[in-house]
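Participant: In case you want the letters, here they are:
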Amino acid sequence: MRHSPKRKQSGSTVLEFTLSLLVLTPLLLGTFVFGFRMVRSQQTDQITRDLAHIYSRPNTMNFATAAGVSEAQLLANQYGLTSSGSSVVIFSTITIETATGCQSGAGAPTCANLNLPVFTQQIAIGNATANQSPFGTPTSGGSLPATNGVSNDYSANPSASDLAKSSFTVAQNFNSVLALNAGETCYMVEMFNNTPDLQVPGLTGAPQVYSRAIF
Amino acid sequence: MEATLIIVPMLLMTFLMLDLSMVIFLRTTMQEAVREGCRYAITGQNSPGPNQDDSIKAVVQKYALGFLSSQQSAMHVQWVDPNNGGQGSNAPGNIVNVKIEAYKYNPIAPFQRMNFPAYVYAIASDTVEPYSGAAPPLRNPTDQ
Numbered sequence: 001m002r003h004s005p006k007r008k009q010s011g012s013t014v015l016e017f018t019l020s021l022l023v024l025t026p027l028l029l030g031t032f033v034f035g036f037r038m039v040r041s042q043q044t045d046q047i048t049r050d051l052a053h054i055y056s057r058p059n060t061m062n063f064a065t066a067a068g069v070s071e072a073q074l075l076a077n078q079y080g081l082t083s084s085g086s087s088v089v090i091f092s093t094i095t096i097e098t099a100t101g102c103q104s105g106a107g108a109p110t111c112a113n114l115n116l117p118v119f120t121q122q123i124a125i126g127n128a129t130a131n132q133s134p135f136g137t138p139t140s141g142g143s144l145p146a147t148n149g150v151s152n153d154y155s156a157n158p159s160a161s162d163l164a165k166s167s168f169t170v171a172q173n174f175n176s177v178l179a180l181n182a183g184e185t186c187y188m189v190e191m192f193n194n195t196p197d198l199q200v201p202g203l204t205g206a207p208q209v210y211s212r213a214i215f
Numbered sequence: 001m002e003a004t005l006i007i008v009p010m011l012l013m014t015f016l017m018l019d020l021s022m023v024i025f026l027r028t029t030m031q032e033a034v035r036e037g038c039r040y041a042i043t044g045q046n047s048p049g050p051n052q053d054d055s056i057k058a059v060v061q062k063y064a065l066g067f068l069s070s071q072q073s074a075m076h077v078q079w080v081d082p083n084n085g086g087q088g089s090n091a092p093g094n095i096v097n098v099k100i101e102a103y104k105y106n107p108i109a110p111f112q113r114m115n116f117p118a119y120v121y122a123i124a125s126d127t128v129e130p131y132s133g134a135a136p137p138l139r140n141p142t143d144q
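Those sequence lines, one after another, are chains A and B. According to the working numbering, the first sequence is numbered sequentially starting from 1. According to the working numbering, the second sequence is numbered sequentially starting from 1.
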């Protein structure tokens, strides 16, 4: 008994369609995931830039106060800047340790951190335990303590002694990003957004968006 | 027969991509508009006026490529006192937030019939720079 040519082809059509789906489905999912991550990256860039510009202005907003937290949460309102949220914004003030600083902190014009970039302040708003600055955290324990009386806020202001002598106050590898001269100070804001909602298991890898702005 | 089966999901996908692209385009346009408005706001200028918040909104509208002409109420200019986070003014040192809130975009089709609009938000903030002379008047200093 002979089958018609059309019936013979129907099985291979299903097979071809299935094979093409194996390629097209991850491609479509990947397009959506990376598209949405790109949009988020653009938004977090904007947030970090605005916050860094405000942070860099003298005598304006202090981000270790409730007013500062409120402003950051307003700017990043869709990103859950709370202690248990999906994001964190980290503000860092970095300067080059000078002989004057060494004299003040170590009692001598030379010290372990002389001419190295050191954190004079770091503040985190949001889920500070989820992510930390890749340049370091200026505390001996490696995590920022909660700011007294301000919810969702964590901060550290290292002492002159720690700035002069302690290795944890040094901004690791910061010179590869920005080479400061003695006496110069810069203000850096970093934002991490963890994106479990955009994760496709086995396809997208560790879900995270990172932005940085320096003034 | 095959075309009939394919055409409905294909059109759905096509319109979905068009609408998603449009929302992303609107979002970036609005973000650029509020950013320009914010840059203008921190300089203390007031043209065409009569009040500074009118001038800021005029700048935002100019950079919004005409999308805001039918929804001007979506624009807000908010002044924040950096010391306490409360209501501020347009004096130097204060924080200005220029916002577009809940700009409504109706998808092209066929989602429009499902009454499922997309809302676009954008915000830009900065510190008001020092400027000479008195602060320009404000029409609505509590515009949230």
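The reader is advised that the hints may include incorrect statements.
Unchecked claim - Using 25 Å as the maximum straight-line C-alpha spacing, the simulated SDA-like pairs for lysine to any residue come out as follows:
id, chain 1, residue 1, chain 2, residue 2
1, B, K62, B, V8
2, B, K104, A, R40
3, B, K62, A, L21
4, B, K104, A, Q78
Hints are computed from structural coordinates only; laboratory data are not their basis.
Participant: A separate judgement is required for each hint: does it hold in the structure or not?
Facilitator: Here is how each hint holds up against the structure:
1. K62(B) - V8(B): 39 Å, violated
2. K104(B) - R40(A): Distance of about 20 Å is within 25 Å: holds.
3. K62(B) - L21(A): Given pair K62(B), L21(A) is violated - Cα atoms ~46 Å apart, limit 25 Å.
4. K104(B) - Q78(A): Given that 25 Å is the threshold and the Cα spacing comes to 17 Å, the pair holds.
Checked against the numbered hints given earlier, this structure breaks hints 1, 3; the rest are met.
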